[in-house]
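Trainee: Residue numbers (UniProt numbering), protein chains in the order written: chain A, 1 to 372; chain B, 1 to 312.
Source of the hints: derived by calculation from the structure; they are not laboratory data.
Hints are not guaranteed to be accurate.
Okay, the calculated beta carbon distance ranges per label pair [to be verified]:
(1) A:Lys169 - B:Phe116: 46 to 54 Å
(2) B:Ile132 - A:Ser137: 47 to 55 Å
(3) B:Ser172 - A:Lys132: 51 to 59 Å
(4) B:Val121 - A:Lys169: 26 to 34 Å
Okay, the calculated bits of chain B under chain A, using three or more residues with CB under 8 Å as the criterion [said to hold, decoys possible]:
(5) 198-207
(6) 214-227
Ideal Cβ placement from N, Cα and C applies to all residues, glycine included.
Chain by chain, the residues run as shown.
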Amino acid sequence: MATVKFDEATRIYPGNDIPSVDKLNIDIADGEFLVLVGPSGCGKSTSLRMLAGLEEVNDGKIWIGDRDVTNLSPKDRDVAMVFQNYALYPHMTVADNMGFALKIAGVDKSEITKRVKEAAKILDLEPYLERKPKALSGGQRQRVAMGRAIVRQPQVFLMDEPLSNLDAKLRVQTRTQIASLQRRLGVTTVYVTHDQIEAMTMGDRVAVLKDGILQQCDTPRRMYDHPNNVFVAGFIGSPAMNLLDVAVVDGGVKLGTGTYPVARDHLKDAHGRSVTMGVRPEDLDLTTEGNGIPVVVDVVEELGADAYIYGTAKDAHQHQDYDESGGDLPERPFIARVDGRRPPQKGETVYLAPKEGHVHMFDTENGLRLGD
Amino acid sequence: MATATAPASAPPARSKETALNKAGDWARRAPLLPALIFVIAMTQLPFLATIVISFMNWNAYYPKERGFTGFDNYVAVFTDTNARSAVIVTIVLTVSVVLICLVLGLAIALLLDRKFRGRGVVRTLMITPFLIVPVAAALLWKHALYNPEYGLFNGVLKWLFGENAPQPDWISNNPLLAIIVAISWQWTPFMMLILLAGLQSRPLDVVEAARIDGASTWQIFTHMTLPHLRQYIELAGLLGAIYVVQNFDHVFTITSGGLGTANLPYFIYQTFYTAQDYGRASAAGVVVVIGTIIIATAALRTVFSLFREESR
Chain A
1 MATVKFDEAT RIYPGNDIPS VDKLNIDIAD GEFLVLVGPS GCGKSTSLRM
51 LAGLEEVNDG KIWIGDRDVT NLSPKDRDVA MVFQNYALYP HMTVADNMGF
101 ALKIAGVDKS EITKRVKEAA KILDLEPYLE RKPKALSGGQ RQRVAMGRAI
151 VRQPQVFLMD EPLSNLDAKL RVQTRTQIAS LQRRLGVTTV YVTHDQIEAM
201 TMGDRVAVLK DGILQQCDTP RRMYDHPNNV FVAGFIGSPA MNLLDVAVVD
251 GGVKLGTGTY PVARDHLKDA HGRSVTMGVR PEDLDLTTEG NGIPVVVDVV
301 EELGADAYIY GTAKDAHQHQ DYDESGGDLP ERPFIARVDG RRPPQKGETV
351 YLAPKEGHVH MFDTENGLRL GD
Chain B
1 MATATAPASA PPARSKETAL NKAGDWARRA PLLPALIFVI AMTQLPFLAT
51 IVISFMNWNA YYPKERGFTG FDNYVAVFTD TNARSAVIVT IVLTVSVVLI
101 CLVLGLAIAL LLDRKFRGRG VVRTLMITPF LIVPVAAALL WKHALYNPEY
151 GLFNGVLKWL FGENAPQPDW ISNNPLLAII VAISWQWTPF MMLILLAGLQ
201 SRPLDVVEAA RIDGASTWQI FTHMTLPHLR QYIELAGLLG AIYVVQNFDH
251 VFTITSGGLG TANLPYFIYQ TFYTAQDYGR ASAAGVVVVI GTIIIATAAL
301 RTVFSLFREE SR
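For reference, chain B alone in the conformation it holds in the complex (with noise of 0.2 Å):
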């Protein structure tokens, strides 16, 4: 950026260097190159593509109608009903699991922010969910625990309740909220770490000048905490929204988009693998790159700001 901008503002004595000066920059990004032309070609032509695609006709059921269509696809993907129901699939999986995350997570970061023996220990562990493969995870709360046969969740009711306990299938009677669990309990940890990162670098004499300012510990949690938290949480809900809203394996694996559960990411799958119309899946895919980009924005807005705060 630096070298980009440097011509324009540099002296007028200084063109007769230009030409060297070029020279040389070319010299330090030549070897750059290659790696930005893989990314290029590995990142950017599929999207650009995938923004032509999206203006097509493009079935492979009917090769022979393949053209330029304008918006209809965009259309189709707000007007047509299982699109629709996709984005609000979308976006009550995102607010649940954001919002379950962070309240529990700010729960969590709270206690952890405590001293207490095995500290270091627990801290461990409570992250571990965050560090499993996600297909795995939502593997392991489709059979090992939403199971009505073997899950634990039965298990335990006919432990405790004996053999005439209830057996619901937890999967089956709510699907959606099946799924906001399994999720919230892989993102929590994240949201954690952010928040406990928050809390401890909370300064220590002000909680004391509040303490002695004759504020509860309510009172300094409400006015002293959360203030000092707000941009952390504003970051850890909005990277999690980013990674939430693209969420494909929890509801693929668990319902297999089936019950009224498909987001706009299992939309997309469905539309380009099962009915084969590139042209709508592309526009669906242009759709969750839009939003996410709008989410990114802000996140990235909160980060540089939490940059300004720290180097103030």
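If we strip away everything but chain A, and leave its shape as in the complex, we get (with noise of 0.2 Å):
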């Protein structure tokens, strides 16, 4: 078991002008989670395959424990990887699968036995161990992916999105697994998704990527109540922050037919006279006309305890800089949270407020976070 640590490391690709990972900087501590997420071209997985040795490291440093890994083969590393697609050995058993690497590393073959027998155990894998990869289902596919790395003992386990090819209920049954099986093995882990919930719900730490760029990397918490950007406001929870595009007036920022009080000091940094402002779906009440915000409501979505009301802000810009393909997208519904019993009506008009303390305020040319 091992620190890793990134340092100022940096992937461009041949032919590419702009790199691909750049100047990554993630200290990750011994037997610590670490999720990185980000939409898709944002570099985490070429980030990890830094990490494993597959992807060539171009500028900075990266190490695991306190050896300098940068220039080591895959091989050297002691790391073990689960891929995507598993990428089982075809021709293999399970078992044979499962014990491949301490057959190269000349473990001898009882311990090898053990070990794979042990791991099988974990993993619910026992009955299949003579069988061939293409003999099993996928979820048991993945859980053969699981256990040849946790055969291994290595120092650092490394996970490029590995619950993307199960169907939805297996994904969240295995997320917890994983979880748990972590936390008992103690084992460094990096783990890869575009899945923000799995990033929330996995990691003790999570770190948000962009075009390559770490964006913020913090506990799950406080990536929720402290944003540090636009873009990991707008990333991180689901159903997505609303962020509005508001002028600045004396005493706070306009909303709607309103002002919404906002400390002076707050916006201080603030490039331009407009902010943006963030709120999360939860974070908005009810209330009479002529406050907050007016919202027409075109869809309602009703969950049993929780409804989600998805409308469109009237007088209100809604943020656009916040996208995850690139491409244009159409704007953005308003959405919010309300009682599950007393929810609005289609084509309603609604006023919402937003509660105090829980608003968000962003720099609208540059994206960062304003005030504390």
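Bring the two chains, given one by one in their own frames, into a single complex with the hints.
Mentor: Next up, the structure:
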């Protein structure tokens, strides 16, 4: 077990000018579960592959424990990786798949059998040890891939979207299993996913990447309560945070017909005459006409205990900077969580006021968080 | 095939439609019949005739002795020294050519699987031997390369070691080897193509997983690449064997079957055209066909298992 340190690690693919991973700095503690998350093409998988040694590091360094592994080949790094498509060895049985690394390392047969059996027990794979991968279901294959990593007893586990090929129900189950297994084994783990729910539920800390640049690396709680910039604010949380471009006025910002009070200090670093205000859907209260933001309800999603309303905010501009795919998105709906027993009707106009102290302010120009 | 089995599996309720169905089936089949009849006339009838003749004593020099003799011709094929040596030459030729081609083809395929500038051009160049007419290739080897007077090999020896350089007569000294080398040159590209296709269908993440699991390049080759290529190697070997068993051009052109290089196809040719022994030639022909069918069955099995693998 060991710490992992990305020190200004940079990867530029041949023929590209822009780095796919740009000066990445992350310190991962011994035994920590770190999740790399971001939209596709953000460099999260590349970062993981750099750590594995499958991708060259063009600049900077990567450390595992006190070893500089930047130029070591994968086999000398003592890491185990779980691939998105599992990458099981098709011509080997489950037992051979799991024992392959030990066999290559020259561990003697009885020891291999023992460790494979132990791992198989942990993962409920005992009945399948003599099967070939193609005779297994997706979930079983995923567990074999996990088993292959566990048997190694490596310093670091690397997981590259290991759940993305499972169906929704199994994904939720396996998510919990992997997290608890990691806590039990205490092996430092770097986990890549594009699914922010996976990131929030599994990680000790979450690192959000965008365009190869680290946006924020924090605990899930802190990430949720205190996003560093507009991108993180919009990416973390489901349904996503509402982001409105609002004008700065005396004593606060203009919201609907009224003014939402914001301390002057809070906005002193803002460039320009407007700021971006972020409010999570659960931090909005229904209020009376004339107060808060008027929203025309388009869709009501009733989930039982709660209901989410999707609507269009009148007299307010949605912040359009945040964009997952890089193209022009249709204007995002304004989302609010309301009491599931008395949801508003479609077409109705409701007035929503942000809860005190649950509003995030960002600079509209550079997207950075304003105030504390 | 589906139409043939349909009436058997059809429920009784459909029996009324059967007549109509049959008419429809025949309407679809009829246009194909000329081609079918042509194929049968051109391939199956001669083969049947060959089988019949193989059981006959039929020699153009002894027209009065023509008649059925049972298995005499087959016994002769396996006991006659010339025939037996032809069988052995065929086996030696086939096995050695296939093995040489597989090893060379695999080596070249591994090299071509890497990325480098001009890979497409090199790949096309590597395939050209396969595209040359076999007789032309054999003539090229016989005259342009092997010839002791003006061949390239001896020319190079002279250029390297001066006037007193050894000038071996390549074909006379090692007749069978000369043929093996010439055929291998022509068939290596074929093996290479199949193996290259196999290499390129290799899943990359499996190789990466093996690298992370600590395998060296050689261990990846033996533990991952070779098992993956197994079916491709079998396929290439079997298809190659089918063609090399039937090789006639090289033997005919380079040695004319002399110096103990006559293989079964050449033996058949000799028995038929020189000895005019139609019965024995037919028997030898049938033996070659049976041998080829055995190899081909194995080849087809490999092909099908490959398809199963792909469609899984």
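Trainee: With reference to the structure, classify each hint as holding or not holding.
Mentor: Structure-based check of each hint:
For Lys169 (chain A) paired with Phe116 (chain B), a C-beta distance near 48 Å keeps the hint of 46 to 54 Å intact. Checked against the hint of 47 to 55 Å, the C-beta distance between Ile132 (chain B) and Ser137 (chain A) comes to roughly 51 Å, which is consistent with it. Restraint check, Ser172 (chain B) to Lys132 (chain A): a C-beta distance of roughly 54 Å satisfies the suggested window 51 to 59 Å. Taking the beta carbon of each, Val121 (chain B) and Lys169 (chain A) are about 53 Å apart, not inside 26 to 34 Å as hinted.
Closer than 8 Å: that is the beta-carbon criterion, and the segment 198-207 of chain B has 3 residues meeting it against chain A, so the requirement of 3 holds. Judged by the Cβ-Cβ criterion of 8 Å, the segment 214-227 of chain B is covered by chain A as claimed, because 7 of its residues qualify and three suffice.
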